[in-house]
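> Chain by chain, the residues run as shown.
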Amino acid sequence: MDIITANRLSDGAVVFLTASGWSTRIAEAQALEGKESVAAALARAAADAEASIIVEPYPVDVERRAQGLTPTKLRERIRAQGPTVGHSKDLHLQVQAA
Amino acid sequence: MSDAQAQLPIWKDGSFGADAWVAVSAETELPADPAPILVPLAEFLAEAGRYTARDGDIGVLVGAGEDVHPLVPYLGDLRLIALEFPKFADGRNYSTARLLRERFGYAGELRATGDVLIDQIPLMRRCGIVSFAVKHEPTRRALLAHHSVEVRHYYQPVQSDAEVPAGTRPWARLPAARLPAA
Amino acid sequence: MYRYDEFDEAFVRERVAQFSDQVARRLAGDLDEEQFKPLRLQNGVYLQLHAYMLRIAVPYGTLSSRQMRKLAFIARNYDKGYGHFTTRQNLQFNWPALKDVPEILGHLADVEMHAIQTSGNCIRNVTADHFAGVAADEVADPRPYAEILRQWSTIHPEFLFLPRKFKIAVTGADADRAAVRFHDIGLQVKRNEAGELGFAVWIGGGMGRTPMVGYQIRDFLPEADLLAYSEAIVRIYNLYGRRDNKYKARLKILIHEGGAETIAAEIEQEFNEIRYGVLRLPDDEIRRIETYFAAPDYPTRASESVPFKRARLADPAFDRWVGNNVSPHRAPGHAIVTVSLKPIGGVPGNATADQMDAVADIAERFSADEIRVSHEQNLVLPHVALEDVKAVYDALAAAGLATGNAGLVTDIIACPGLDYCALATARSIPVAERISERFGNPERQQEIGPLKIKISGCINACGHHHAGHIGILGLDRKGEEFYQITLGGSGDETASIGEIVGRGFSTDEVVDAVQQIVDTYIVHRESSEESFLAAYRRLGPAPFKEALYGTA
Numbered sequence: 001m002d003i004i005t006a007n008r009l010s011d012g013a014v015v016f017l018t019a020s021g022w023s024t025r026i027a028e029a030q031a032l033e034g035k036e037s038v039a040a041a042l043a044r045a046a047a048d049a050e051a052s053i054i055v056e057p058y059p060v061d062v063e064r065r066a067q068g069l070t071p072t073k074l075r076e077r078i079r080a081q082g083p084t085v086g087h088s089k090d091l092h093l094q095v096q097a098a
Numbered sequence: 001m002s003d004a005q006a007q008l009p010i011w012k013d014g015s016f017g018a019d020a021w022v023a024v025s026a027e028t029e030l031p032a033d034p035a036p037i038l039v040p041l042a043e044f045l046a047e048a049g050r051y052t053a054r055d056g057d058i059g060v061l062v063g064a065g066e067d068v069h070p071l072v073p074y075l076g077d078l079r080l081i082a083l084e085f086p087k088f089a090d091g092r093n094y095s096t097a098r099l100l101r102e103r104f105g106y107a108g109e110l111r112a113t114g115d116v117l118i119d120q121i122p123l124m125r126r127c128g129i130v131s132f133a134v135k136h137e138p139t140r141r142a143l144l145a146h147h148s149v150e151v152r153h154y155y156q157p158v159q160s161d162a163e164v165p166a167g168t169r170p171w172a173r174l175p176a177a178r179l180p181a182a
Numbered sequence: 001m002y003r004y005d006e007f008d009e010a011f012v013r014e015r016v017a018q019f020s021d022q023v024a025r026r027l028a029g030d031l032d033e034e035q036f037k038p039l040r041l042q043n044g045v046y047l048q049l050h051a052y053m054l055r056i057a058v059p060y061g062t063l064s065s066r067q068m069r070k071l072a073f074i075a076r077n078y079d080k081g082y083g084h085f086t087t088r089q090n091l092q093f094n095w096p097a098l099k100d101v102p103e104i105l106g107h108l109a110d111v112e113m114h115a116i117q118t119s120g121n122c123i124r125n126v127t128a129d130h131f132a133g134v135a136a137d138e139v140a141d142p143r144p145y146a147e148i149l150r151q152w153s154t155i156h157p158e159f160l161f162l163p164r165k166f167k168i169a170v171t172g173a174d175a176d177r178a179a180v181r182f183h184d185i186g187l188q189v190k191r192n193e194a195g196e197l198g199f200a201v202w203i204g205g206g207m208g209r210t211p212m213v214g215y216q217i218r219d220f221l222p223e224a225d226l227l228a229y230s231e232a233i234v235r236i237y238n239l240y241g242r243r244d245n246k247y248k249a250r251l252k253i254l255i256h257e258g259g260a261e262t263i264a265a266e267i268e269q270e271f272n273e274i275r276y277g278v279l280r281l282p283d284d285e286i287r288r289i290e291t292y293f294a295a296p297d298y299p300t301r302a303s304e305s306v307p308f309k310r311a312r313l314a315d316p317a318f319d320r321w322v323g324n325n326v327s328p329h330r331a332p333g334h335a336i337v338t339v340s341l342k343p344i345g346g347v348p349g350n351a352t353a354d355q356m357d358a359v360a361d362i363a364e365r366f367s368a369d370e371i372r373v374s375h376e377q378n379l380v381l382p383h384v385a386l387e388d389v390k391a392v393y394d395a396l397a398a399a400g401l402a403t404g405n406a407g408l409v410t411d412i413i414a415c416p417g418l419d420y421c422a423l424a425t426a427r428s429i430p431v432a433e434r435i436s437e438r439f440g441n442p443e444r445q446q447e448i449g450p451l452k453i454k455i456s457g458c459i460n461a462c463g464h465h466h467a468g469h470i471g472i473l474g475l476d477r478k479g480e481e482f483y484q485i486t487l488g489g490s491g492d493e494t495a496s497i498g499e500i501v502g503r504g505f506s507t508d509e510v511v512d513a514v515q516q517i518v519d520t521y522i523v524h525r526e527s528s529e530e531s532f533l534a535a536y537r538r539l540g541p542a543p544f545k546e547a548l549y550g551t552a
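Protein chains in written order, with full-length UniProt numbering: chain A, 1 to 98; chain B, 1 to 182; chain C, 1 to 552.
Be aware that a few hints might be false.
SDA-like mimics (lysine to any residue), calculated; alpha carbons at most 25 Å apart, straight line [as the list claims (entries may be wrong)]: (1) Lys190/C <-> Thr210/C; (2) Lys73/A <-> Glu480/C; (3) Lys99/C <-> Glu480/C; (4) Lys246/C <-> Gly65/B; (5) Lys37/C <-> Pro138/B; (6) Lys37/C <-> Ala24/C; (7) Lys135/B <-> Ala46/A; (8) Lys248/C <-> Asp115/B; (9) Lys37/C <-> Tyr155/B; (10) Lys99/C <-> Tyr58/A.
Keep in mind the hints are simulated off the structure, nothing from the lab.
Based on the provided sequences and hints, a complete structural model is requested.
What follows is the structure, given as structure tokens:
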């Protein structure tokens, strides 16, 4: 299963393709089954890249786990969840707790 | 390609104009009339006599990374040297431009062709390039609007009449046009 | 330090306006990402794993208190309250929004700072010995030359689209604290037999996936030829460097493939063409730039301080910190203080906005308003009176900055790794943190002595692992992080590239492996005077392989 991710052009935020646009929450990402639906979603993403909304879209392999859609690769989990260390991690945890 | 782009591709001296130069190669028959011709460097060097014997202006097209040293004996014969930038990020012909102008004293027209964009044109100018074959539409619009994106304080001298020393610092330069007329 | 005049001020303002225009055109769609990318990189803006990253230039690592406070201001208002000091003496912010960057650059311009050419395939920010101007062993301050090079290379119209990045470092002492042999151009200021100033010149050093120690092209280049010679080197590189493969595009590969002597001959020929041209350095210009870097008027002080000695005797933690973090100063009664950004178990090189402000305050009060950033990701207070060292220590301690580990096993260099970097294959920071905790005991660190551990999260080697006494390279093996260890690297005047000791280690194993290596060194060293690097060079890899893998 795949989702499409990118960075928002204006501020760089990690975003995920939803049924209607882009979200910063992976939980709202549109889960894609099969090559054709991935290709169609990438085409939508490419149009948004062309329109200077997002940059560098690409598909990410995910699984449904207890906590929801979760990338299978460590890099993509860190990208979705934030740094595992340091000041940013502390801030990330504060945001989650709030 | 827009009509304007097809008919007036060359930006020079503040406006777009036609490209009078006819691209030829070893295989093409040379135009009979004295139309100016543009010959790829290697083909020109292989058979210079074929082109110089003809009545009409000659230009040479230099690809990125091509060595212009063998061209030096012919520089006086050339009214145009077109320097190709196959990708705007391929910077070899910036060095070639400076060598032609500053080392070999080439005084004819130096033109940039290929991937020519508004953000690189000021750099090309500083290296001695004076005309630009521009395909990129936003660049064409910006040029027509005289939209300047240049930093006009220079930290390193290039040999150019267009730049003058700024104060007493040995390498600081300003565009000559900025100074009040003498 | 260098101060902008009207020309520099106008220049940097125009640069901000230029980039503001480029960002506006990008957001409007007139520039596509491919066209915009080199422009943003040349203004320090990357797109990283989570967000944009802004790398701010700290030329030759020198900052005033006012500049440091501005960095703290930016950290608070445009980032998440902290910044990361890098191995190129720069500062990185990990979370700025692209649309805010022009405004940030405007704030930087207010304090004579910028982010120009901190990235991209151009001549990068010039680095220098972080003890420049104050080191007891220095022939001459390298920073005037670094400043002259900075100006020459800034928006150099010929050299903004080189085959790949191009790095220059300058040092002024035999002890190489600037790793000049690992730069595209490395310069050591020296005097010839006639007493004239000039440079030993190395070219084609670098790390990355093909590490190489630089080739010494000149034993003595006269001072006046600095710019002409540099221009000749970069021109030859621009014309002939490979552009077909970005991993083979650095100057070191041109020299490796073309032959050092052949490339050197090309450079010398080009140099001879331009040597007596407009780039020849007039003596009065060098001397003019030098005046900017004149040392402060140090009050005359006794070479020893009784209160300082008493404080050392009274406080063992202070005494240990002094032993590691205080270096000899050329002026009697003064010292150079290293502010460790390597708290035990913390992120190497990070400082919070509050810590930046604290260092700015301390520098203003005790260090003639001046701060340095070291390529080992620490800060330096270069002008501290011995009498004030205890007060500086107390103030640093209050800010959580008094870790006394400079040059020791926990003074680790690490790249941001997979926690931040889009290119990384494994995490670096968590490994650094765990090693730091493992060896955090002060007595244990002192017993081990000088030891440089350097960690990179991919083969691009931003953590300089090739030059680590112990180098750690994080890779990806079938979706799992694993770490390859190299031994015997060094970035100093005895530069060497570390050798791979054997098969790599998992995340769980790697800290134990480092400990085994350290334990093996302790067992085999001739005395506590023999450093890890000296012992490795004497012993070779065999005892370490034996300890790690059970086979010699």
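> Taking the hints in turn, state whether each one holds.
These are the hints, each one checked on the structure:
1. Restraint check for lysine 190/C and threonine 210/C: not satisfied, since their Cα atoms lie roughly 29 Å apart, outside the 25 Å limit.
2. Annotation: proposed proximity of lysine 73/A to glutamate 480/C holds, straight-line Cα distance about 9 Å (limit 25 Å).
3. Proximity of lysine 99/C to glutamate 480/C is assessed by CA-CA distance (about 36 Å); at most 25 Å being required, the pair is judged violated.
4. A threshold of 25 Å between alpha carbons decides the hint, and for lysine 246/C with glycine 65/B the separation of about 16 Å falls inside it, so the pair holds.
5. Between lysine 37/C and proline 138/B the CA atoms are separated by roughly 17 Å; this keeps the pair inside 25 Å, and the hint holds.
6. A threshold of 25 Å between alpha carbons decides the hint, and for lysine 37/C with alanine 24/C the separation of about 14 Å falls inside it, so the pair holds.
7. A C-alpha spacing of about 23 Å is found between lysine 135/B and alanine 46/A, which places the hinted pair at or below 25 Å, so the restraint holds.
8. Between lysine 248/C and aspartate 115/B the CA atoms are separated by roughly 24 Å; this keeps the pair inside 25 Å, and the hint holds.
9. A distance of roughly 24 Å separates the Cα atoms of lysine 37/C and tyrosine 155/B; the hinted pair therefore holds under the 25 Å criterion.
10. For the hint linking lysine 99/C to tyrosine 58/A, the alpha-carbon distance of about 23 Å falls within 25 Å, and the restraint holds.
In this structure, the earlier hints numbered 1 and 3 are contradicted, and the remaining ones agree with it.
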